[in-house]
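The listed protein sequences derive, respectively, from chains P and X.
Note that our numbering has the first sequence beginning at -9, numbered continuously upward.
Note that our numbering has the second sequence beginning at -9, numbered continuously upward.
Treat each hint with caution, since some may be false.
Same chains, same names: a pair is fine if it fits in one copy or spans any two.
Below, in silico cross-link-like pairs of lysine to any residue (SDA-like), each with a Cα-Cα straight-line distance of 20 Å or less [what the hints assert, rightly or not]:
no. : residue 1 : residue 2
1   : 44        : 22
2   : 44        : 195
3   : 134       : 85
4   : 44        : 134
5   : 44        : 106
6   : 183       : 172
7   : 44        : 29
8   : 103       : 126
9   : 134       : 43
10  : 44        : 192
11  : 183       : 173
12  : 134       : -9
13  : 103       : 82
14  : 183       : 157
15  : 44        : 77
No lab work stands behind these hints, which were simulated from the structure alone.
If you want the building blocks of each chain, they are given just below.
2 protein chains.
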Amino acid sequence: MQIAIVVYDRFTALDVVGPYEILSRVPDAETVFVAEEAGLVRTETGFLAISADKALSEVPGPDIVVVSGGPGQSALMDHEPLLDWLRAADATSTWTTSVCSGSLLLAAAGLLKGRRATSHWLALDQLSRFGAEPTGERVVFDGKYVTAAGVSSGIDMGLALLGRIAGDEHAQAVQLGTEYDPQPPYDAGSPEKAPAHIVELLRARSRFILS
Amino acid sequence: MQIAIVVYDRFTALDVVGPYEILSRVPDAETVFVAEEAGLVRTETGFLAISADKALSEVPGPDIVVVSGGPGQSALMDHEPLLDWLRAADATSTWTTSVCSGSLLLAAAGLLKGRRATSHWLALDQLSRFGAEPTGERVVFDGKYVTAAGVSSGIDMGLALLGRIAGDEHAQAVQLGTEYDPQPPYDAGSPEKAPAHIVELLRARSRFILS
Chain P
-9 MQIAIVVYDR
1 FTALDVVGPY
11 EILSRVPDAE
21 TVFVAEEAGL
31 VRTETGFLAI
41 SADKALSEVP
51 GPDIVVVSGG
61 PGQSALMDHE
71 PLLDWLRAAD
81 ATSTWTTSVC
91 SGSLLLAAAG
101 LLKGRRATSH
111 WLALDQLSRF
121 GAEPTGERVV
131 FDGKYVTAAG
141 VSSGIDMGLA
151 LLGRIAGDEH
161 AQAVQLGTEY
171 DPQPPYDAGS
181 PEKAPAHIVE
191 LLRARSRFIL
201 S
Chain X
-9 MQIAIVVYDR
1 FTALDVVGPY
11 EILSRVPDAE
21 TVFVAEEAGL
31 VRTETGFLAI
41 SADKALSEVP
51 GPDIVVVSGG
61 PGQSALMDHE
71 PLLDWLRAAD
81 ATSTWTTSVC
91 SGSLLLAAAG
101 LLKGRRATSH
111 WLALDQLSRF
121 GAEPTGERVV
131 FDGKYVTAAG
141 VSSGIDMGLA
151 LLGRIAGDEH
161 AQAVQLGTEY
171 DPQPPYDAGS
181 PEKAPAHIVE
191 LLRARSRFIL
201 S
């Protein structure tokens, strides 16, 4: 089994390192980070670069596709080399997945038409432009399509998907191994829970980021 | 302000990408990934390499030190170039922190003597060999020393530390931006919560990993 994690300039690291840490524990599977060209790919902060070990063209038929989100997504919404690869990979994948605004790339490739899907809460509305049905759930399964909400939700998606692939006990062992017993010091992780003025602050900023 | 994130061969990616994603949002701070030598550093799975943009020697006085855990830690417990750098960096740091078995490296450098500290649950006992006082808490503050439990706990540590540095509202905004509203599909993230036979399975495996 091959798991391809798709990154690009100005991706968000935790979007994909969450699922990587969980799904790289699928028994007998190879995980590979891919980008349009192999080489270093830098996150939106500029502070972290990871190695895309292979180019998209070198990984034509992965079993699982995981597409990162991040501010760089908006520049790729009509970038055919990526969208074509997504369509081709999806044609033979077992699971096609995304975290955060990565679902907008799946949607732009036409893969989420008529499907329930999620995204970062600030990007959720944009999904319907492409015929997807946005839902505010943290992890959404619709057939073989699995989308996760913002940034950190990829960990939850990874565990849910690992359970489907390798069984609940294996997923629980990986949860215990990664000591995923979250205890956030605040309860502000969703727009429903965060103070209203902080939600508005991020909405105001996002006009510049997401438009 | 400069934040140095210390990685090494066979580190665990989520250990440091969690805190990176949070702490890189400290206003006006630079975050830099460092290793003994600059260049690509690969995780224990072999599937992911990140760029250590600078060598330890190029970052002599960071304000915040974050030390990764991971299977590679055990090979470094008497590696003086790293331990010496940790001691020197700690002499002028504002915060000295670790995730997972990274606390064993801080302890081996003599920095946790008489201090309360935590680590991955499978590594917790080893802390006392170096005069630290192990506690099973997920994030432990003792003066300027902040240690986090296994792998995913670095996200919680990052938010708690960000709150101390930049205020609760900024930390809440970052929690909302990263949509950190965890909803694990299982409740097996600590040895107290996981099924007993899964805890024993990991303990048995760890004899080979951690000894």
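List in ascending order the numbers of the hints, as given earlier, that are violated by the structure.
-> 2, 4, 5, 9, 10
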